[in-house]
Each structure stands twice: as C-alpha cells, then as structure tokens.
Amino acid sequence: MLDIRHIVKQYSHHRALDDVSLHVPKGSIFGLLGPNGAGKTSLIRIINQITAPDSGEIYFDGELLQPKHIERIGYLPEERGLYKKMKIGEQMLYLAQLKGLSKSDAVQRIRTWFEKLQIESWWDKKVEDLSKGMQQKVQFVATVVHEPDLIILDEPFSGFDPVNAQVIQEEILELNKKGATIIYSTHRMESVEELCDYIALINKSKKVLDGPVREIKRSYQNQQYVIEFKEQEGIVPSFIDTPLFEVIAEKNAIDNHEVTIRLQHDNSLNDILLYLIPQVQIHQVREVIPSMHDIFIANVTDPSTNKPTHHA
Amino acid sequence: MRKILLIINREYISRVKKKSFLLVTFLVPMLFIGMYAAIFFLTKQSYEDTHAVVHVVDEEGSISSQLKNNKNITYSLSNTDLQEQISNLKNGAKNTNLLIIPADFYTSRKIELLSSGKPNISTQNEVKSQLREIIRNEQYRKMGLNIDSIRNINDSIHIAAKEVTETGDAKDSHTEVAMGIAMGLCFLIYISLVLFGTQVMRGVIEEKTNRIVEVVISSVKPFQLMMGKIIGIGMVGITQFVLWIILSLTLMTVFSTTLFGNKEMAQQAMGRSMTEVPGEHVNTGNTDLDWTAALDSVNFTELTICFFVFFLGGYLLYSALFAAVGSAVDNETEAGQFTMPITMPLLIPYVLSFGVLINDPHGSIATWLSIIPFTSPVAMLVRIPFGVPTWQIVLSAFLLIGGFIVTTWFASRIYRVGILMYGKKASLKELLKWFNYRN
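Residue numbers (the working numbering), protein chains in the order written: chain R, 1 to 312; chain D, 1001 to 1439.
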C-alpha cells in the first residue's frame, strides 16, 4: 500500500527523519512505534502531505504520492479537535466534503455511521455540549467517513472509556477486514500485540526495527526458558555449574524453585531436560516470549542491543 | 478550488449567522441615524427657543418706534406700571423679556433687559444690534449725513473659491465638506481594517487551540485554509458595508420624508445643523452656504469605489499578516506583542490624518503615505475627498495589490509552520526560521 523510501526530513537544528524506509503491506494493520519525539509525527505528516520530505519518496499503491491521494487517506491526528461552536452534523458534512465527497453522499454516509454508533441524536448538537469521549467518537467518524484506503490513527483510543474503546477497536478491525490498510501509532504496547500484523519502531529519527510482529517476536526469543521445579529428596542439585546453559534469574520458595535460563552452545531443550531430570522434579517448562513492551524498551533504552532489521 | 469555496462558505456562513453580526449590522445605521436625528432636533429646539417676546418700557420716548419685529423677536410697547410689568414677568411665559430704555439713553447708552428665565444670548445680541443701529442713525443725523445714501453703500464682496480640475474646468471647492468626509472615511477604514484583521487572527487562533487545524490540513493545503478564511471574512466585511449603506439610505429617506414632508426642507435642516454644530464656526457672513451644491460637489461614486478598492486591498494585505500572527501564538494574549508592530503602519497615517494630512492633503508627506502600500489605505482615503489625480490612485491601488501578494506569500510561509507548533512561544527570530523552512 505504502512504500516509503529513504525519507530525510531536516529542521533547522535537528534531523526529524534520517533515511527512513518502510513498507506497509496492503490490508495490514501496521504499528508505528517509537518514543516521544522519535519522528513518528513527522513521518505521518509527510504521508499526509502536510509537509514534504527533504529527500526520498513515497509510493502510494504503486504511484508516487500526489495531492490526489489525499482523498484516499483518512487521518486521525494525535492533536485533534473540532469547531466548538459548530453543529456536529454540519461539521461532519464540512469535513467530509473537504475530503472530496459530494454533499448528498456525505449526508448519507454520515447518517449510516451515526446509526451504527447510535449517535443519530447528536446531529444538531454543538461540540461544546459533548463530553470528551463523545467528541472522540465523532472525530473517528470524520476520519473514516470517506471510506479511505489508508487510515492513519495516531493514539486513537485516548479519551475513550474501556467500553467505547472496545467499540472503536471493533470498528477498526471491521474496516481492516473490508480492505482498508491501517497505520496505527501508539504507546500502548498491549494493543499493538492485539491488533498489529506488522510494526516499525522508530527511535531518534531512525528506523531501528520493522517487520511482521510474529517474526520480530521470534527473533527476540533468544533461547530462554523458565523452569519450575521441586528439589528431590536426598539430592543436592548442582546444575548451576554446567556449560549447557546460563542462569539468568532465580526465584526460590520453600518447596518451589523457578530459574530462567538461556541455552548455550547449540544445545536443545531436550539436552537440558535430560540433564535436569535425574536431579530435580520438574513442574513446568516454558519458553520466554518477549512482549512488544520488552522489545520496545530494549530497543529504545540501549541502542547496542539492536537487532538487525527485518524486511518484510 | 472546490475546497477553497467550501472553506470560504463555512467562514462566511458561520459568521453571518451569528447574532452579533445581525446586531451590529442593524444597530450601527440606527445609531448613526439616531445621532443625526438628535442633532437635528436639538438644533430645531434651540431655534424655537430663541424666539423672544420683549416688552418695551421706553422712557426716552422715540426708541420703541424704531425697533423692528423679526422672526426671532417680537416687541410690544407697554404703558403699564414698571412694578406690575416685573411681576407679570415672573409668571410670564418662557423667554419673555422686559426692555427698559432710560430717558438718557443716547448719552448713557445703558439699557436694562429683564428676563423670565436666564437672559438668552441671542435675544441680547439681537436687541443690542438693533439699538446700535438706532444710535448710529442718530449720530449720522446729527452729523448731517444722509442716511439713505449711507444705506446704499455696499462694500460686500463674494469670494468664489474654486479649484482647477485636471480638465481645466473650475469647480466650486468646499473644503469643509471634504474635510468632514475625509475624517469619516479615515476613521471607518482604520477601524474596519483592524477589526476584520483581528477576526482573521482570532479565527486562526481558534482553529489552533481547538486542534482542528491538523484535521483540516490533511485535506487541504494550509495556503487554501488561510486564503479561504481571509476571503470568507472579507466577504462578511463587504456584506456588512453594503447592508449599512442600504439601511442608512433607506432609513434616511424614510426619516426625511416622514418628518419633513419634502426633501428640500430636509436638506435645509441638514445644512443648518451642520454649520451650527462646530461652535467656533460662527457667522461667516453668508450663512446660506449652499449645502446642496457642496454635497453635490462630492463625487460619491468615486468615493464609494475607492473605499471598496482600498478597503479590500488593505484588508487582504493586513489580514494575511494577522493570520501569520495568529498561527504563531497559542492564545490572544500572546498575540499582543506581534499585533502592535503590524498595525503601526495603519496607526501612523490615522494619527497624522488629524493634522498634516488634512491640512495639506497634497503635500509630499500625504502623497508618499498614500502611495506606499502599508499606509495607503488610510492615507489615500483621507486625500480622496480633496481630489487626487487618477494616476496616483491607480498607482497606489496597483502597489497595494502588489503589497498584498508579497505579504500573503510571506505570511503563508510562517502560517504553514506556525499552525502545527503547539505550546511553543515564538520569537521574531523563530518566525524567520519558520519562514525559511522548506515546505
């Protein structure tokens, strides 16, 4: 859907984006992650043609990004709002028409959306009479009313209570199922795991990581296991001194021990189990799968642990 | 193009539908007409008040027969007792007077004028001038001069002050009228440029603080949004002026026909109220200054066209700057430091207009100010009632158009960056940096 190639954006004293290349597959939900000030918003603004890059180019559905593509993009900025004194219905009409819809189409689609979200009665209300969550709902409709092929959502769930967040999340998934590609920028890592097929992580103006979520996670599964066991009577476990693995963490209770180990020297889990079974009574063995949260923290806090990037 | 029309439409409709717009549109002409009516009635009232009845007690004997009644004063000879007269005066109608002429009037030249209320100055003047004439005639007589021949001496002259127009014709010049119109225009354009410019700035700040701006500019270019706003608000301004003109003319017509029955009287009343309002402007000898002619000498079509041209040009020029200021700040209080310097070029000719410009409308200061784009909207309108060569008006108008293209370009470069900067206090240096950003 979107092919971003070697984008550089320089502001007078800092470089907001430094040679960033990304590929957003069609029909995916693409998580755009990064700490504050990493350059996400700069990139999103370039995709929306609010600003232009200093160098590099973007291909939208195979074509070089042009002003006509604006109507195929829906953008929900992080800094968002509505005209306070305007009636909701008129406001929606205005925003939809700015996106290129004819008036009659706009009216029809807005009505459909309002029915779907059960907010038909809001048409003649003013924004200032709505609560923040209600405003966000309206704003979401404004973003997607022109049925864009690419939807860019920057922190779409902020301001929603859990119930409404769920409603909106379902709508996002529904839109994705109907074929829309979604770029989802957020700091909420749990929701990334729940929603995204692909992610890219930007830190300090550079892309540090991108690819399918599953692959990235797999690449961070660095042979770590948690083993829970009980000591066997009469046997003093001496497994600490072994070339098979390295112990990363230990948790000891009276009748239960838990160690986190990392395999070494091409040994498999079976080798370890063979080694351990004579010594202890094993209760549970599980592989440590890093969460997106861990991956994010690892990449953002210590650049030396960066993994080579994966291209999808 | 369709999008910019949508923006213009929203800006226009949302403002015209406001109650405050309707209020201002209808109240201002009412206020104007109301003030005008008030002036008229006050003048009329004072005119009626000046009519005085003067009872004369003539102890000298020959004076009372020489006093003449006129429209302001009616004399009546009274033979009753003085004390009775005075007590009558106490109960008498308003503006009743008692004139006591002593027997030795010709030598003492003292008279007494008793009034029911406070002695009226114009009655005093009237009585005084008549009595002076009586004394003068008496002295002529004593010196053996023929009063009739003296009366026939006529030393009056009439100055026909005319100005030579470009075509070589001489036309009547009415400097006072031109001055009045110049002041009015200058005030009107100054106020409206600042007011509508501020509205543009407020609109920009509103969009920025509401955080809707990023939503909108993901659909349209910042330049389109800025121009849409400027044009929309400008159209509100023009609508307001046109409505004012129509309403004032209608009210004026209704007012004069219902109150005066015919137009000539209205014009006479107008002339009267206008000459007599400025206090120092006392009798210049010829009070029947021909106001109809004076007003006819003003080319209202030219004035109206020039007003609209210079209002529009000035508005476009300044509102772009106001938009840039609005984009650079987060709230209106912060805007103060920037609005001061940009309204300076408007304020200077406005202040000067009360002195230099009006007294010397064709001097070099006035001419230059009326040609330089930033000051020309105000300065040119001050000069126009005095007659400005067409080439100067055209040159000034073209420079103004050039000026607004430059300021719009300049402002849009700051605007596109400014609207996306939240919570950053912009300095002038910062603005220049924004200006240099590429896209």
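Do not take every clue at face value.
[Claimed, not checked] Listed below are several chain D residues computed to face chain R (Cβ distance under 10 Å; list not exhaustive): (1) 1001; (2) 1002; (3) 1192; (4) 1194; (5) 1220; (6) 1331; (7) 1332; (8) 1334; (9) 1420; (10) 1422; (11) 1424.
FYI, nobody ran anything at the bench for these hints, they're computed from the structure. The C-beta atom is built at its ideal place from N, Cα and C for all residues, glycine as well.
Right, here's what the structure says about each hint:
1. 1001: With a minimum Cβ separation of about 12 Å from chain R (threshold 10 Å), the hint on residue 1001(D) is violated.
2. 1002: This interface hint holds because 8 Å falls under the 10 Å limit.
3. 1192: Check failed: Cβ of residue 1192(D) comes no nearer than 23 Å to chain R, outside 10 Å.
4. 1194: violated (23 Å)
5. 1220: Where the cut-off is 10 Å and the nearest Cβ of chain R is about 6 Å from residue 1220(D), the hint holds.
6. 1331: violated (15 Å)
7. 1332: Because about 15 Å separates residue 1332(D) from the closest Cβ in chain R, which is outside the 10 Å limit, the hint is violated.
8. 1334: violated (18 Å)
9. 1420: holds (7 Å)
10. 1422: Because about 6 Å separates residue 1422(D) from the closest Cβ in chain R, which is inside the 10 Å limit, the hint holds.
11. 1424: violated (12 Å)
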